[in-house]
Structure formats: C-alpha cells, structure tokens
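**Student:** Protein chains in written order, with our numbering: chain A, -16 to 307; chain B, 139 to 429; chain C, 497 to 745.
Certain hints may be false.
[Claimed, not checked] Calculated pairs, PhoX-like style, for lysine-lysine (alpha carbon to alpha carbon, straight line, at most 25 angstroms): (1) B:270 to B:398; (2) C:661 to C:574; (3) A:118 to B:398; (4) A:196 to C:661; (5) C:574 to A:196; (6) A:118 to A:65; (7) C:661 to C:648.
In case anyone wonders, no lab produced these hints; they're calculated from the structure.
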Amino acid sequence: MNHPVGYNADHRLRWTEWLPWVVALAVFFLLPDYLSLGARVLTYILFALSLDLILGYAGIITLGHAAFFGLGAYVTGILSAKLGVNDPLLQMLCSACAAGLLGLATGALVLRTHGLTQLMLTLAVAAVCLEVANKATPVTGGADGLSGVTVAPILGLFRFDMYGRTAYLWCLVLVFGGWWLIRRLIYSPFGAALTGIRENSVRMHAVGAPVYKRLLTVYTLSAAIAGIAGALLTQTNQFVGLNVLGFEPSGELLVMLILGGVGRLYGAFVGPLVFLIAQDFLARQFPEYWYFGIGLMLVVVVLFARGGILGISDAVIARMRRKA
Amino acid sequence: MQAFISSLVSVAFHGVAYGMILYVISVGLSVTMGLMGFTNLAHGVFAMAGGYVLVTSLSRFHLPFALALVLAFVLVAAASVVLERFLYSRLYGASELEQVLFTIGLIFMSVAVARLLYGTLQQPVVLPDYLKGQFALLGRDFPAYRVFLIVFSAAMIGALWFGLERTLWGAMVRAAVDNRAMAQAIGINTRRLFTITFAVGSGLAGLGGALGADIVAIQPTYPFEQLVYFLIVVSVGGLGSLRGPFVAALLIGITDTACKYWLPQFGAFFIYAATIGLLLWRPMGLFGKRT
Amino acid sequence: MSAALETRGLCKSFGALTVADRIDFRLESGARHALIGPNGAGKTTFVNLLTGLLRPSSGTVLLGGEDVTALAQSGRVKRGLGRTFQINTLFRDMSVLDNVALGVAERHGVAGGFWRPASGQRAVREESLELLARLGIADEAGRRVLDLPYGKQRLVEIAIALGLKPRVLLLDEPAAGVPSLESERILQALDSLPEDIAILIIEHDMDLVFRFARRITVLVQGEVLCEGTPQEIADDVRVHQVYLGERHA
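Put together the whole structure using the sequences plus the hints.
**Tutor:** This is the structure we're talking about:
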C-alpha cells in the first residue's frame, strides 16, 4: 500500500480506489445543501494531487505552489472580468497553459538548486506573484479582488445553476481526469524514475538518468494541474482574491497533504476533505483555536504519525490482520 | 538637487536602521541553520515574541525601556531552550521536509496564540521620552529612536562577533559549523553547544523583534509575513556565515527602503526579483561555503 | 588499439590541496585491474573524476579512445562507464527489482514513458531479474532494499552497475564492511562477470585484490607510485614502505 509504484507494482485498480468517486456521487444526490463546500473540497483535492506529484513522488519541497494555483485563478478571472472570455473550457486551457509556462520558467531555475536555496526560491517566486497581483490593480483588482466573473455554459449545454450542481459535477469531472492522469503517471516508468530521484538523486545520475529534465517535466505538469485547480476555484466562486497567492495558501495546502498522507495519491483526497470540513465547522466560530489546531496537528503528524491519516489507517489495518 | 541628496541620506539612514534590525533577528537563524542543518522556518516567531514582550512590559507594566529589552532577550531565549530541548532536538537529522512542516506548524500555533492574547491589531510601541524627537547630526535632523537603533545594534553585533571570534564558545561553534563530525571527535559536546547557540540566536531574534517593533509592526501574522525577509537574509548571506548575512541585511534594508520610497507602486517586487537573480548567480549565497 | 579507459595528466586540486596529480592511467579492455593505496591517497577522488562527478582541474579522460572530459555523468554512463559506490547508495525504500530496473530502463530508453505501466515493461523486468539471478539474489527481487542484510545490499549495488551494461566497470570497495564469508560470495559474483568488461576495483581487502586483479596500480598522495602484476607489486620495496609498511612494519 505504501509503495505501490515501480516495476513490481500491480497497477490494476483496487476496489478501494473506487470509493472516492462513489462518495462524491453520493454527496451529489444525498447532500444537495453541501455542494458548494463539496466543489471547494474537490478543487483542493486537485490542487493537493498536483502537490503530491512533485512533493510526494519526486521529493521537491516547495513553499510556493500557490503561485500556480493563484495564476490559474487570476487568468480565468481576468479572461472573464476584463476580456469577456466566458467559455469555461477556454478559460481552463488558458489557465493551465499560463501556470504550466510559469512552472517551466521558474522550474528551470529553481530545480538547479537544492536545500534552503531551493526552498527560498519557491517562496520568492510565490511572493513575486503575490506582489504583482497586489500592485497591478487595474488588471487584478488589487486588494479588493476581482469580481464580476461569469462562466458560460459548458460546451454551450450545461449552465452553472444557482444550486451549484453543475459546478460540483464540473469539478468532479476535472478531478477525475487529473487523478486518472496522475495515477497513470506514477505507475509508469517515469513515475518510478521520479521515485528513484526522490530516494537517491545521486544514484539516479549515476545510472544515466537525465534527472533535471525529469524534474522539470513533472514540475511543469504539476504547475499546469495546479493552474486548472485555480481556474476551478474562480469558476465556482466567480471571484478571485489575493488569498489564493503567497505563503499562507501554500502552507495550508502542505498541511492538507500532510494530514492525508504524502506520496500515497489518496492522501490528497483525505487531507482536503478533513481539513476543509473541519475549517467549515470550526474556523468561523473559533478562528484562533482553528489555527492553533492545524499547527498542533502538523507538529503531531511530524513527530508521531509520519504517514498522516492514511498512514495511521494502514498501520491499524496491518495490526488487525496480524491478530486475525 | 538639494532635495534629492536629502532624500538619499534619509533613505540610506532608514535603510541601515532596518538592515540592522534584520541582521540582529536573522543572524541566529544563519548560525543555527549552518550549525545544526535545521531548517527553522519558525524563527520569526521568536522575533514576534520579543516584540510582544516589549510592548507588554512597556504599556501594561510600565517597565523602563532598557529592562524591557533585556526581558525580550532573556524570556525569548529561555522559552527557546524549552522548545529546543523538547521539540526541535527530536528532529535533528530528520528530513528537510519534516523540519519544514514541523516549523510551519509552530508558526500556525504561535499566530493563534498571539491572536488569542493580543487580538489582530498591531501593537503600538510607547517609546520613552528620551528616544522621541529628533537628533541633530551634521546639520541634519534624524529621528532619535533610529539613531539609537543603529548604535545599539552595532554594539550588539560587535559584541556577538567578538564573542564568536575570541571566546571558546565561538571557536567551538565555528569548528562545529565547519565540520561537525570532527568537532564531536575532538570532544566538543555538540548537544549542549546546540542548545546554547540556539538560545543565543533566538534571544537575539527576540531582541531584534523588540527593537524593531516600531519599524516592523508587531501583529499575529508577523512570522508569516516576515519569514521571507529573514530567509532572504540567510540564503543571500550564506548559511553558517556571520558577515554574509550582515552584508545581505544591509543591502536588503537599503534596497527595500529605497524601493518603497521611490517606487512604492512596485512594493517589494524588486527585492524578490533581486533575490532570485542573486541566488541563481550564487546558489550558496554571497559568503556561503562552497560544496 | 585504444584502451577501454585512459587518463592523461589528470589533475584535481581543491584550493591549495592537490588530490590528483598528473595521473596517467590505462585500463585495457577486459582488464582485471586494482587500484590500491593508503587512506587519503585520492582513490575515490580518482573514481569521481573518471565518472564525471568531479571536474578535473586539468588533463583528459578518454573512454574507448573518445575524449569524455567535458561530458556529464549521464553521458559517460551512456558510453559504457558504470560504477558502484563505496558506501551503499541504493534506492533504499524501493524493491530490489526496481533498484536494478531503474537503470536498465534508462538504457532501454523507456524510462521517460509516462503512460504505460512500468510493470508492463517486459524486457526491462526480465533483464533485471536475469541480472539478479546471476548474482544469486533473484529470490529477493520483491523485497525492499532496506530490509536486506548488508552483504546482499552490496550485491544489489553491483547489480545496479551491471544493469548499465558497462564496458568499463569501476568498483569502489565492493567488499567494504562485509563479513568475510559474504565477501567470498562477492568475489564469486565478480569472477562470473563477462570477460570483455574492463574492471577497475578499489579495495582495502588485500586478499580479495590479489586473488582478483591481474594488474595493480598503487596511488599515493594523488600520484601513481607504481604499476605492475600482483607479484611485482608484492615484491616492490617502495610499496612496502609507503603502503604495506603502515600495517606490517
């Protein structure tokens, strides 16, 4: 369970892997009041999947992944609010390309470095994006954010309704697509090579792997997926604000992924689900306790439960099996 | 022309004051990261705590300013020892990711505690009368507090450098930064050295946060917002170096002040862009050890 | 005929410290050559210069007659230069099979594929399993490297290098830290390697060196002291003084 990838792995779908989709559809039919929260959770699942790809599999630590998410969100917002481009697919495509290009350009620089320097550069890239969005008021709305985003019917057929049904399904479709792509990728030789780089990049060089090229490829792809998640956020909220950029959203995303479990693919599903539901119930009433809680949780996970929620459940299942 | 020179002097002066603060706060981070290889993103928490200690002692307990500064150093250093012994030390030698996550967790917790105790508003600093007003120098007036800042920080930095260059503790720190295995082999108790160094570094951060409370507003989001500046100082200056971060802090202090003065519409954009450029040119920083 | 691997006037210094001093060295194809020398003689530095992990200060490295001095590691690997590491540098959290297959896949040119599953790469899997079988660890293919005993990890180390189908193989202390019983197994594994591979072994275990090598080069303080057959080296007075001397004098 913990080490599914590689040349020994069984890549066929297990029944448990259908669970998220069953749950997602059940929510759609059974909990119509929670569809906007659901769409938010789905958006962050896609965002967390993109982070898991580079952090969990390729081992790149970033404090600035929100740069790509935020760029995707702003591109869609600007296209609609400033340029009148309202087709959701076109918005999505532009967001993905813009974020992917930013990933390629910054990755080309960031991935040449290591350790603190690399960490610092990811943070600086995100900080630059935040500063640009903050100061380029005519285009981005600055601190007030960008409202007046409209989204045309998908393929001219499916209108975004006021109950959020279309938005929810639209998010679900994209998350499913992202999951499918990433799942194929991690079970492929490319995915195995990424894991090899994470485990021992010196040795990967020595077996003749073009490490830098592999990392740049996955960084670009991850950025594009994060951009799609950002576009989704704008489309479902019909608003973009500065809070999609900078260190805090990057940090929160890290928290979600760590909470679920890093490098497990489904940690990216569990983490945002638990985090955002808890946030929805707790954060408004007790913001101080909420912040304290996520901080404490991070510390506890790092010190005592390194696999996150899925890691704990694996351990529990393994223990039950041994007893049985 | 006269006006331009005057603004030039003013920018240089305020920039130096800000740079000094940045250095006093960040030097501990540089040394502990170089010494222990610990990626401590929560360093700003100590600076914020120092700031809160200062404003609380001044406005609630009406303590003298000097005593408040001493308290900011001592209390923060003491608290950091507890943290180091019980939490940080568990993660020496852990992966960078774990250290990053752990310290981000500490940031979140400290932000919550600060908000709970002090609310979200920034804390006003009640300066003593003798530090208010202007100080005349070479026919110009300078804000007295900034002059005090520069002089006091310079004295602190001098003392610190002297301590690291001339004392046994300093020699041990330098030896351990250089080659930890060797330092251990010649019988240096690195465990205790870490604790002491961590305490001094954190105490200095607390002192820096207190001194700078008038410049860098003390509010709950401080550790998040200032983190990038502290990290810039350390990474541009070079890990484990003493002089590197000093140069970097002054550069950043002056550049930041200049940008905000002349190009406010760009905010901190140039600082970040310059940092990116500089780190690409010299990935180990200006004075970092080459690997 | 050009040598499998050759260096001409290879120098490397770190500041004032010279760790490789005008090294001229030839490794013939099919050679069984050993590089020995006291601690700090610069043996590992020399290997790192050969593989491209370090850039020489001056001098050239020729691989099969081709100047590869400017090439990065991956370029030299593609031209047939494989190595093992002194300290195990394995993919610890991955299976034994994966450890070998990662390199094999790079050589087959399929390692960048991101659509078809890795487990469907028949050729890569079979070749990797065959290699493991040759080293007698095929039964461990599915286990995590982390869970293997140290001696077997050393064999995985060699298997990874062999997976690159090298024409030149550099073995950096293959038996370091291995109990003598298991070092016998490593020697067997080395003996079974294809004859046409040129092998340079760096080793402290003199027993292993003298049983395996047909030629020996002695390196002292970054310089070649002498070179010859095991017999010549064993009889050389200078070698006794600088090298064996430190143990037997």
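**Student:** Decide, hint by hint, whether the structure agrees.
**Tutor:** Each hint tested on the structure:
1. B:270 to B:398: Answer holds: residue 270 of chain B to residue 398 of chain B is near 24 angstroms, not above 25 angstroms.
2. C:661 to C:574: holds, 9 angstroms
3. A:118 to B:398: holds, 13 angstroms
4. A:196 to C:661: holds, 23 angstroms
5. C:574 to A:196: With Cα atoms ~16 angstroms apart, residue 574 of chain C and residue 196 of chain A stay inside 25 angstroms; holds.
6. A:118 to A:65: holds, 17 angstroms
7. C:661 to C:648: This hinted pair holds, its Cα atoms lying about 20 angstroms apart.
Consistency with the previously given hints is maintained throughout, with no hint failing.
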